[in-house]
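Peer 1: So you can see what is in the structure, the chains are spelled out below.
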Amino acid sequence: MPMWSKILVAIFLVIMIVKLWPAANYLIKHGPKGSSDDWKAAILPILAVVGFVIFLIFMVRG
Amino acid sequence: MNRFESAVIRPQTSALATNKVLKNTYILLSMTLLFSALMAGLSMTMTVSPGMAMFSSLGAMALIWLALPRTQNSTAGIFVVFAIAGLLGFGLGPMLSYYLAIPGGGRIVGTALGGTGLVFLGLSGYALTSKRDFSFMGGFLFAGLIVVLIAAVANIFLAMPVLQLTISGAIVMLMSGLILFDTSRIIHGGETNYIRATVGLYLNIYNLFVALLNLLSAFSGNR
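Going line by line, the protein sequences match chains A and B.
Residue numbering for the first sequence follows the numbering used here, starting at 154 and increasing by one per position.
Residue numbering for the second sequence follows the numbering used here, starting at 443 and increasing by one per position.
Treat the hints as calculated values from the structure; they're not laboratory data.
Computed from a predicted model, the values in this text were never measured in an experiment.
Don't be surprised by glycine CBs; every beta carbon is placed ideally from N, CA and C.
This list has only true hints and no planted wrong ones.
Each pair of labels, with its calculated beta carbon distance range:
#	chain 1	residue 1	chain 2	residue 2	range
1	B	V589	A	I207	18 to 24 Å
2	B	A596	A	G215	32 to 38 Å
3	A	P175	B	K465	28 to 34 Å
4	A	S189	B	I469	33 to 39 Å
5	A	L200	B	T571	15 to 21 Å
6	A	L161	B	A459	39 to 45 Å
7	B	V589	A	K186	18 to 24 Å
8	B	G556	A	V171	34 to 40 Å
9	A	K186	B	P545	45 to 51 Å
10	B	P545	A	W174	41 to 47 Å
11	B	A543	A	P175	38 to 44 Å
Distance condition first, Cα-Cα at most 35 Å in a straight line; then the derived DSBU-like pairs of lysine-lysine:
#	chain 1	residue 1	chain 2	residue 2
12	A	K193	B	K573
13	B	K573	A	K186
14	A	K193	B	K465
15	A	K182	B	K462
16	A	K172	A	K182
17	A	K186	B	K462
18	B	K465	A	K172
19	A	K182	B	K573
20	B	K462	A	K172
21	A	K172	A	K159
22	B	K465	A	K186
23	A	K186	A	K172
24	A	K182	B	K465
25	B	K573	B	K462
26	A	K193	B	K462
Hey, can you work out the whole structure from these sequences and the hints?
Peer 2: Now the structure itself:
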């Protein structure tokens, strides 16, 4: 990847960070807080996805 | 009320209106995914250069930032969604050609595609049937995205394979969380615009697929 294209992609990613920043800031400060039950209900399916990805990795390794 | 506030302050929407948004989102999402796949196929047939693919993807990002906010409340927004999906699909061409050329590449691409579909269906189904409100995850997910983006910017210049894999792993988890978050926002009336909802879910699926492809090819031992 030539240096100019690396710099161009980096600029776009930095713009993305700048655009996401107010949303992240707002949601951290004013977003609803989840109970431990809520977090469990969210983390369990994400852990299931992690397990599924590990399964897929073993599958492609044969 | 801006779109971040809508994640916190829930407008009163009827179940009928919510179902309409959900139905329109899934119809538009399936059509844009199909169009994206067609454009990826076209890009592979044309043996597009990685440079052109990069401009195609950056063009899609520019449309998301500049054209989507101006058109999301009109029918023109539908054309913008297709343009975004088309450009992102077109940008995938060289990457898919590369993976398909390596030994066992067809299996890796197929597994990543099927895996992405199953993860999306599973998580969307979970959010829809559990009817839980996942809006509390917003701050955590957006902060996580910013951390991943900072790491991605650093890795453009560092080019560390371990960091690349860590980023891909984090993207898989973040996109999974965002599928729950975005679907829950539609169900609970936090997102009432199906054009914006489609772009959100499309980007979750796109990023999940690319990250999964990267992880599977790295661990397959064929790259």
